[in-house]
Amino acid sequence: MSQAKQLPRPTDAELEILTVLWSLGPSTVRDVHETIARRKPTQYTTVLKTLQIMAEKGLVERDEKQRAHIYSAARPREWTQQQLAGDLLQRAFGGSAASLMLGALAAHRASPAELAELRKFLEEYEKGKS
Amino acid sequence: MTQLAAWIRTPVAQSLGWTLVHFVWEGAVLAAALWAMLRLFRAAPARRRYALACLTLAAMPAAFAITLAAIWALRPGVVAVPVHWAAAPLADAPIAAPAARFRWAMILDRLPWAVPVWAAGVAFFYARGLAGWVAVRRLRYRGVCAPAHEWQARLGQLCIRLGIARPVALLESCFTDAPVLIGYWRPVILLPLGCLTGLSAAQVECILLHELAHVMRHDYIVNLLQSLVEGLLFYHPAVWWVSRVVRAERENCCDDRVVEVIGDRRAYAATLALLEERRAPTAALAATGGNLMRRIRRLTMESRGAQTSRAPAASAAVLLAIFAAALTALPAKLPQVRHAHTRAPGPVAMAVAAATPAPQQAAAPLPTPYKKWLREDVAYIITDEERTAFLALSSDAERENFIDQFWQRRDPTPGTPENEFRDEHYRRIAYANEHFTGSVAGWKTDRGRTYIVYGPPDELDDHASGGAASTYPYQQWRYRYIEGVGTNIIVEFVDRDGTGDYQMTSDPSEKEKASTSYRKWLNEDAAYIITDEERAAFLKLASDEEREQFIGQFWQRRGEPFRAEHYRRIAYANEHYTAGIPGWKTDRGRIYVIYGPPDGIVDSSDSKSIFWIYLSIGGAGNTSAFIFEDSDGKGEFRLTHDPGEPGRKAPH
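Chains Z and W are the protein sequences, given in the same order.
Quick note on the working numbering: the first sequence kicks off at 1 and runs consecutively.
Quick note on the working numbering: the second sequence kicks off at 1 and runs consecutively.
Don't read these hints as lab results, they were simulated from the structure.
Treat the hints with care, as some may be off.
For each label pair, taking beta carbons as the anchor points, the in silico distance ranges come out as [stated by the list, open to error]:
(1) 13/Z <-> 153/W: 21 to 29 Å
(2) 200/W <-> 45/Z: 51 to 59 Å
(3) 21/W <-> 126/Z: 52 to 60 Å
(4) 62/W <-> 78/Z: 31 to 39 Å
(5) 78/Z <-> 224/W: 25 to 33 Å
(6) 72/W <-> 13/Z: 47 to 55 Å
Some chain Z residues close to chain W (C-beta under 8 Å, calculated; not the full set) [as the list claims (entries may be wrong)]:
(7) 12
(8) 23
(9) 38
(10) 102
(11) 118
With a straight-line cut-off of 25 Å between C-alpha atoms, the simulated DMTMM-like cross-links for lysine to aspartate or glutamate are [claimed, not checked]:
(12) 127/Z <-> 260/W
(13) 127/Z <-> 205/W
(14) 520/W <-> 434/W
(15) 120/Z <-> 205/W
(16) 540/W <-> 524/W
(17) 40/Z <-> 12/Z
(18) 371/W <-> 384/W
(19) 585/W <-> 599/W
(20) 520/W <-> 462/W
(21) 371/W <-> 424/W
(22) 127/Z <-> 277/W
(23) 127/Z <-> 264/W
(24) 608/W <-> 548/W
(25) 120/Z <-> 264/W
(26) 585/W <-> 534/W
(27) 585/W <-> 575/W
(28) 585/W <-> 545/W
(29) 372/W <-> 396/W
(30) 120/Z <-> 384/W
(31) 520/W <-> 461/W
(32) 40/Z <-> 461/W
(33) 371/W <-> 277/W
(34) 608/W <-> 642/W
(35) 585/W <-> 603/W
(36) 120/Z <-> 396/W
(37) 608/W <-> 546/W
(38) 585/W <-> 458/W
Where is the CB? At the ideal position from N, CA and C, for every residue including glycine.
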């Protein structure tokens with residue numbers, strides 16, 4: 001998968017489009033633009049142009065079978081996350097960033113034993129509910 | 001490195017160093033108290049336990065600050081403070097200092113190095129925290145995607161239900177793999193991608209409620225403060241432990257809130273479990289918040305002990321009591337471990353008692369230059385502890401090192417090549433030797449000592465020929481402020497024997513200074529005219545106010561012209577009869593002050609006898625003759641014939 005390694009790191013604008021594509025799944029430019037425009041005013045042509053550039057870079061794949069082209073992310077979300085883990089700031093200060101966020105789950109993932117216990121709990125819960 | 005070495009000798013660094021040491025036990029005590037109370041009140045509601053943990057965490061920097069303030073208040077003065085005012089006789093100093101004590105001093109000497117290490121740690125944690133904060137802020141804009149309108153609307157409804165006025169944004173993020181809340185003023189809930197589509201609406205609602213509970217409780221800002229405390233006191237494991245307790249209880253609080261709203265604690269627990277299962281195995285950002293398994297078990301515990309409401313109040317009281325006890329114990333502990341030169345300024349009064357500097361007899365064979373350094377150069381400013389430590393040194397290299405450190409500790413601007421304190425000190429010695437040297441070296445005189453320790457006075461009244469109220473030449477030195485002594489300090493020096501050796505009569509730190517001037521009034525100003533009854537009455541007075549009043553009445557009874565004439569006579573006597581002793585004290589001076597100018601003066605042909613004739617002492621026409629004789633030709637005429645003193649102590 002030498003090609004995967006050669007994929008350039010996405011810019012912030014490209015990353016946003018990728019996020020939308022991961023969230024919505026394969027989408028038209030119109031869908032992507034609509035989602036982005038919910039957060040900030042954006043020109044349709046800007047989104048279109050960015051998507052075209054990303055397609056050239058190989059960050060997204062374009063399905064031209066239909067009249068409205070369908071774009072999809074070339075790599076799953078996890079790939080980008082690992083790619084971005086190389087981000088110095090994120091890597092060096094992820095720990096302290098984590099302590100500045102509030103969330104329903106701990107930063108430390110549950111161990112396999114705990115996950116097994118959780119699964120058991122979920123099964124019991126489903127049984128109890130049904 | 002040398003600059004750092006100099007800096008750690010400054011009072012700031014020393015105070016910080018001791019605060020760091022004290023916080024080791026303070027932090028441990030506080031954490032132990034929290035641990036005990038959390039065990040005691042295991043069944044208390046999470047929010048009470050959370051409050052308790054927060055209180056403990058807040059008490060930690062408070063204890064640190066109070067300790068620092070206390071130690072700072074007791075720090076040694078750096079400039080112009082009589083650290084060692086009355087140069088203690090060397091004989092008193094144990095020449096062979098106990099070895100153990102010296103080693104202790106060595107440890108104390110190295111301890112300040114902990115301060116730069118600590119400061120570097122704080123800088124690291126704060127820089128890391130700042131970078132983390134920047135990274136978190138970027139999460140708002142990078143790799144986010146606004147969810148469908150209906151979710152934002154659902155969130156708005158929940159906000160209204162919970163009574164949250166601030167607008168809360170909802171975003172999907174490709175960076176987080178667990179739901180998190182960031183920001184205080186403009187809170188944003190970040191959900192991992194796919195969270196909204198993978199969970200049921202009820203489950204998403206649970207998660208949103210949990211994050212909204214954080215918003216309601218102002219947890220973000222508390223968490224930020226918490227990070228500041230962690231960074232400041234990073235070296236103490238107890239701080240991290242308490243902080244972890246706070247985080248865990250915080251999540252419990254939010255869990256409780258969610259359950260209160262949705263009512264189904266098992267469904268909520270299942271949502272948390274599902275979320276955890278869905279987390280990707282890759283590293284991603286998530287919040288730090290307690291142990292999930294423990295939370296789920298806690299949530300699913302059906303039978304929960306009755307929540308006692310008096311428990312938190314009781315525990316808060318216990319915590320406060322322990323904290324107060326620790327604080328009161330602090331000052332008692334301080335003197336034992338304070339650094340060697342943190343000796344409270346000795347009462348300056350000792351200067352009068354020990355008017356002569358340190359005896360020159362040495363018991364220990366100390367090489368001459370160091371002997372001179374100890375007994376002359378720094379005699380007035382070295383502390384007992386430093387003196388003892390210095391005397392215990394065995395090699396010249398150690399002594400050189402000691403002297404270096406001695407000055408470094410006092411350098412007001414450590415890190416610069418100049419040591420202003422040392423330069424000023426030697427300048428003062430030079431000045432004292434130049435200006436105050438009489439029969440003894442200038443630095444040894446009272447004026448020299450005062451000058452060296454306190455510096456030049458802010459004002460100087462010089463009465464070289466004595467003043468109206470005094471017959472001795474005297475000087476008054478006024479200091480507006482002397483650290484550790486007070487404000488507006490007047491030091492008086494009197495040249496009693498006319499040799500130029502001014503001696504201190506009043507002491508800057510002596511509260512009875514005023515009384516001294518009243519004693520002078522009694523024994524000098526009014527000595528010849530006050531009646532025995534008046535004298536007895538005056539001596540019985542207790543306060544300066546009463547004395548002032550007494551003096552006022554004393555002169556009132558005799559009238560202002562009398563008073564003016566009286567002081568004129570004293571001045572006249574001082575001007576004309578001073579010879580070896582002040583004029584007013586001589587026999588002629590005494591007679592002159594009491595009876596005024598004689599009506600006639602007859603000198604004998606050999607100039608050895610003088611006759612003073614008064615025509616009206618004790619009544620008109622009553623002629624009295626006083627004979628003064630200068631037996632040894634020195635000009636000190638002694639009264640050899642006294643006609644009796646019919647008018648003694650009568651009005652002039």
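Which numbered conditions among the earlier hints are violated in the structure presented, ordered from lowest to highest?
Structure breaks hints 2, 4, 14, 24, 28, 30, 32, 33, 36, 37, 38.
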